[in-house]
Structure formats: structure tokens, C-alpha cells
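Student: As they're listed, the protein sequences go chains A and B. Heads up: the first sequence begins at 33 in the working numbering, then just goes up one per residue. Heads up: the second sequence begins at 5 in the working numbering, then just goes up one per residue.
Mixed in with the good hints there might be a few duds.
As the list claims (entries may be wrong) - Using 30 Å as the maximum straight-line C-alpha spacing, the simulated BS3-like pairs for lysine-lysine come out as follows: (1) B:101 to B:6; (2) A:87 to B:83; (3) B:6 to A:98; (4) B:83 to A:98; (5) B:49 to A:96; (6) A:87 to A:52; (7) A:96 to A:73.
Keep in mind the hints are simulated off the structure, nothing from the lab. From a predicted model like this one, the values you see are computed outputs, not experimental measurements.
The residues making up each chain are set out below.
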Amino acid sequence: GAVVSQHPSRVICKSGTSVKIECRSLDFQATTMFWYRQFPKQSLMLMATSNEGSKATYEQGVEKDKFLINHASLTLSTLTVTSAHPEDSSFYICSARGPGGGNTIYFGEGSWLTVV
Amino acid sequence: RKEVEQDPGPFNVPEGATVAFNCTYSNSASQSFFWYRQDCRKEPKLLMSVYSSGNEDGRFTAQLNRASQYISLLIRDSKLSDSATYLCVVNNRNTDKLIFGTGTRLQVFP
């Protein structure tokens with residue numbers, strides 16, 4: 033099946049710094065990718081929809097200047113958490129629609145961010 | 005009210021038991037329905053799609069009742085490896101976004 037790879041799987045950064053998370057579709061082109069955040073014992077919350085070649089669409093309450101999304105190619109979307117704070121510590125997961133834009137969504141392995 | 009609601013559990017069942025999870029959704033624009041499985045500190049993985057006619061995949065049976073806006077998942081002959089969190093997920097046809105429930109945690113014990 034289609035594979036979505038996310039990197040890094042774990043990252044620790046200091047408060048005030050920025051960290052970039054990459055999401056790649058390995059064997060298919062993904063014009064749309066999705067970024068989620070999951071806090072412990074809570075559901076996945078959609079942060080933004082990343083569209084190749086255009087600006088991302090952010091969900092209500094998600095600061096676009098803090099969570100920068102770039103989808104420069106059909107196989108790569110990046111999420112940059114800028115000026116990170118401890119409350120940004122969370123599990124960040126990307127996903128992409130399967131080949132041909134079908135109903136099946138494939139998730140990356142997720143990235144654990146800890147801000148100290 | 006949350007758009008997708010699930011009993012968080014945990015459900016603690018012995019091996020071999022049958023267990024059922026329920027899920028309700030509030031948005032009538034929901035178009036597609038899924039059950040995902042999420043292991044601790046891992047990404048969700050698709051378990052099965054849910055169709056109006058009901059569908060079965062081995063020990064797993066999913067049912068959808070559009071009139072009641074209710075989805076269920078039945079697991080028969082539980083295995084230790086079934087221990088995980090089961091996420092009810094709906095797709096909104098207007099926004100084309102996936103909405104996740106908080107998940108129901110299952111723990112199967114020997």
C-alpha cells in the first residue's frame with residue numbers, strides 16, 4: 033500500500049527555537065496532505081490542510097504564523113513550529129490521501145515533540 | 005457537543021471474549037465512516053471502512069445506522085494483540101475532512 037514517511041520521529045528542542053517536521057509520500061504523489069496534533073488521551077485534531085503549490089488552510093484557533101506549512105512538491109510537506117513553547121509539546125502526525133485521491137488516508141509515523 | 009463521540013473505556017476483556025464499541029456522530033453531512041486502530045504512541049492505522057449494509061473482515065464486524073447516526077464495531081474471539089485504542093472516524097462531505105473520536109481503549113488480558 034501507499035506509504036507516508038515522517039521525520040524526525042522524536043525531537044527535543046529548547047523554548048524559543050524552531051523545529052521542522054517533514055512528511056513525505058514515498059511511492060505516490062500527494063497534492064493534499066493533512067497535519068494533526070494529538071495531546072495525551074485526546075483525539076487527533078486537524079491543524080491544517082497542506083496543498084501543493086498554494087497556501088495551507090488552517091483550522092480555527094491554529095496560528096498560521098506559529099505553525100508554518102510548506103508543500104513545495106507533490107511528495108513533501110513540512111511543518112515548522114516556530115518559537116516553540118512547552119505547551120507545544122505534542123504528537124504531530126501528517127497524512128495524505130491515497131493514490132488517485134481516493135477515500136483512504138495514509139498516516140505518517142508521527143513525530144513526538146518535546147519543548148524544554 | 006463533540007462531532008464524533010465514543011465511550012473512552014477502557015474495556016478490559018479476557019481472551020476469546022466478544023466486545024462491541026459504539027460511536028455516534030452529530031453532523032448529518034458525514035459521508036464516509038471508518039474505524040482506525042491506534043497503538044500506544046503510534047500513528048492510527050485503518051482497520052476498516054464502514055458501509056451502510058454492514059461489513060465484516062475476519063473477526064471484525066462494522067455496522068452503520070445513518071438514521072440514528074450511529075456506528076459500531078464488534079470484535080469476536082479477542083486476541084491479546086487486539087489491545088489498542090479504536091478510533092471512530094467520519095468524513096464530512098462538505099469540508100472533505102476527517103473528524104476523529106477520542107477513541108475507545110481496549111485491553112485484552114490472558
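Student: For each hint, tell me whether it holds in the structure or not.
Tutor: Going down the list of hints, with the structure as the test:
Distance restraint check for residue 101 of chain B and residue 6 of chain B: the Cα-Cα separation of roughly 15 Å lies within the 30 Å cut-off, and the hinted pair is therefore satisfied. A threshold of 30 Å between alpha carbons decides the hint, and for residue 87 of chain A with residue 83 of chain B the separation of about 45 Å lies outside it, so the pair is violated. Proposed proximity of residue 6 of chain B and residue 98 of chain A is supported: the alpha carbons are some 26 Å apart, at most 30 Å. For the proposed pair residue 83 of chain B and residue 98 of chain A, the alpha carbon gap of about 43 Å is over 30 Å, so the pair is violated.
Between residue 49 of chain B and residue 96 of chain A, the direct Cα distance comes to roughly 28 Å. Compliance with the 30 Å bound is thereby established for this hinted pair. In summary, the hint linking residue 87 of chain A to residue 52 of chain A is supported, as the alpha carbons are separated by about 17 Å, within the 30 Å threshold. Restraint check for residue 96 of chain A and residue 73 of chain A: the C-alpha separation of about 25 Å stays at or below 30 Å, so the hint holds.
When held up to the earlier numbered hints, the structure conflicts with 2, 4 and fits the remainder.
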